[in-house]
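A.B. asks: Residue numbers (our numbering), protein chains in the order written: chain C, 1 to 347; chain S, 1 to 316.
Calculated from the structure, these hints are not laboratory results. Ideal Cβ positions, reconstructed from N, Cα and C, are used throughout, including at glycine. Do not take every clue at face value.
Output of the computed footprint for chain S on chain C, the stretches with three or more beta carbons under 8 Å from beta carbons of chain S [to be verified]:
{"hint": "1", "region": "65-72"}
{"hint": "2", "region": "137-147"}
Using 20 Å as the maximum straight-line C-alpha spacing, the simulated SDA-like pairs for lysine to any residue come out as follows [stated by the list, open to error]:
{"hint": "3", "chain 1": "S", "residue 1": "Lys236", "chain 2": "C", "residue 2": "Gly128"}
{"hint": "4", "chain 1": "S", "residue 1": "Lys309", "chain 2": "C", "residue 2": "His84"}
{"hint": "5", "chain 1": "C", "residue 1": "Lys206", "chain 2": "C", "residue 2": "Tyr217"}
{"hint": "6", "chain 1": "S", "residue 1": "Lys310", "chain 2": "C", "residue 2": "His84"}
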Amino acid sequence: MQNLGKRFGDFTALADMDLTIGSGEFVALLGPSGCGKSTTMNMIAGMLDPTHGDISFDGRNMNGVPMAKRGVGFVFQNYAIFTHMTVRDNLAYGLKSQRVPRAEITRRVSEIAELLQLTPMLDRRAAGLSVNILQRLAIGRSAVVEPAIFLLDEPLSNVDAAFRAVMRAELKSLQRQFKQTMVYVTHDQLEAMTMADRIAVMDHGKLLQVGTPLDVYNHPADTFVARFIGAPGMNLLRGRVTGADTGLTVDLGAAGHCPLRAGQGGDVLFGFRPEQVHPDPAGPMEMTVTTVERIGARTILHLAAGDHSAKAVLDSETPVPDQGEQFRFAVTPDDVRLFDAATERAL
Amino acid sequence: MTDMTSTHPGAADLHTDTALHEGAEEKRLGLWLTLPAQLLVLFIALFPILMQIYISLTDWSPLDGIPWYRAYELWIGLLNYADLASDPRFWSALWRTCIVMAICVPVQFLLGLGLAILFVDDFRGKRVLYSTILVPMMVVPAVAGYMFFMLFQSGGPVNDILSMFAGRPVTIAWLSDPDLALFATIVSDIWQWTPLMFLILLAGMVSVPQDQQMAAVLLGASWTRRFFTIVLPRMKTIIIIAVAIRVIENFKVFDNFYIMTGGGPGVATETISIYIYKVTQQELIWGYVAAIALAILIVLSIVSALAIKKLRGAQQ
Ligand SMILES: Nc1ncnc2c1ncn2[C@@H]1O[C@H](COP(=O)(O)OP(=O)(O)O)[C@@H](O)[C@H]1O
Ligand SMILES: [Mg+2]
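Based on the provided sequences and hints, a complete structural model is requested.
C.D. replies: Following this line, the structure appears as structure tokens:
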């Protein structure tokens, strides 16, 4: 995708997106609702024409190629299963449309059905099947025509939370089996983190960062990505970098200060992961505990000091202060991420 | 329905719906409380039909000077029905009505479907055209009859237009020729009721899930394949409803036919409704009319029952 953009009237749904997806790669488009993920997918599939920019598959420009000819597999949010047909007819639909010989259709349909454990229900009507079967059927229906690229638009958003974990694992193992190039749209960072080879984080029609899940988690390109990735997201405190005699530190006002490894003087947003808070009675930072959330294996502290607020995630074994008490802690200089106070980009 | 007090069908319904919340006592009380209302509804719904059945078994006519409830004095049993079975004019009117239906409904269906296909996609001037297409449906059928009566006069616009194409004066006597008269009346029906078919079919077509159609296209389906494997099967319910409405309405066709031709020339355009009207108004043998009406009611009930059965099948 080069310089890809889409406007609906005056509204820019997608601005200048550049993204290259490798063959066999699983890329997640991650962003809040309305950020242009579906728009991007629909343009890849050819359901929407880009306002500007190019989409190429293997170097072949796809602009103007009708969607029936693109060889794109698309799994819709609600799977769009043909409920008036049997499972078998659903699976065979693409091959029949492409006038594949009958014997080959039969062979390929039974192969894919076997692979996806759909064989027992081949002759059942697709209406009234359970969601995980529908998901497998939707994937099988697209996979059987061997598309160049597979697009999935929030396939798990209609599934209840308990089931989602099962479906995630199933989806990932299917992708490994097929070695398919997949683009997976989600607003759920957990899905993106657990399944994708690379994550493309989007907001307001802009592609903010592309990288492996760890990359995006550890080195967010800007404050949006920092806050969006991780549960809870990264803490960001306004501060000022000063070069005192003991070395470089960031002065956080009411919350204390923190030594830095590198940096330049000036206003910054001081970022650290809630998981990387180390309780330390002699630590240089101090904040007041406003709420204590105990969620099984972990305890989340909500902290405040002056204008600052932050969260800390601790093991449940760690002794924690009560609500209203002061909490002293330290953050290792290696774990600190600094962002420009004005542009909010990583420094 | 009639043995309601002995078998309590109402109570049986309650049993399946609300058995968990209500005791048997309350159910019985509920039934007794609603019984008068239920009987009243039944009476209102069934009275005209019961009266028809009663009259149809007599030789009663309003001219006899006997009130309708004393029509039993002219009891003739099933004689009216026997007459009906051997009444050639009845059978030919019935047959003609079926022919009209067999032409009108498919033509209206195909035209309506074609228009619906055009109108699911956006194009310039769609809204104006849409409103225009619906106009015939709003015209009072009697007025439509007059319009087509004028159009098909031998000096009327239809012949004028034909003259233009033929390059010589055409003076076809449309409404005086038996076959052409039937053709002209059928045209008026198609003109008037295609919009309704279009409206219903369009509603059905736009409600075919967009993502299913997209999925079909992405799987490489051509337009025709998508239309015949996704769109049409998904419209099955609405198609059955639209066709059933038109079949039943067409069976009752009257206004425009009567005004255009009065059922003539001869009986060339006499449909079942026109026949009944003539027997009622001109010959005043109401017992016989009641028998015809009941016969038709039975035919239409069978048609409706078939349609409902099909609908049930389509919805599963
Ligand atoms: N056909 C359209 N016309 C106008 N605006 C649209 C259209 N489709 C999407 N949008 C807008 O574009 C933005 C991006 O939409 P979408 O790509 O669906 O977001 P998401 O990331 O949730 O999938 C949304 O704000 C939406 O309102
Ligand atoms: Mg979306």
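A.B. asks: Indicate, hint by hint, whether the structure satisfies it.
C.D. replies: Hints and how they fare:
{"no.": "1", "hint": "65-72", "verdict": "holds (count 5)"}
{"no.": "2", "hint": "137-147", "verdict": "holds (count 3)"}
{"no.": "3", "hint": "Lys236(S) - Gly128(C)", "verdict": "holds, 19 Å"}
{"no.": "4", "hint": "Lys309(S) - His84(C)", "verdict": "holds, 18 Å"}
{"no.": "5", "hint": "Lys206(C) - Tyr217(C)", "verdict": "holds, 18 Å"}
{"no.": "6", "hint": "Lys310(S) - His84(C)", "verdict": "holds, 15 Å"}
Going through the hint list in order, the structure satisfies each hint without exception.
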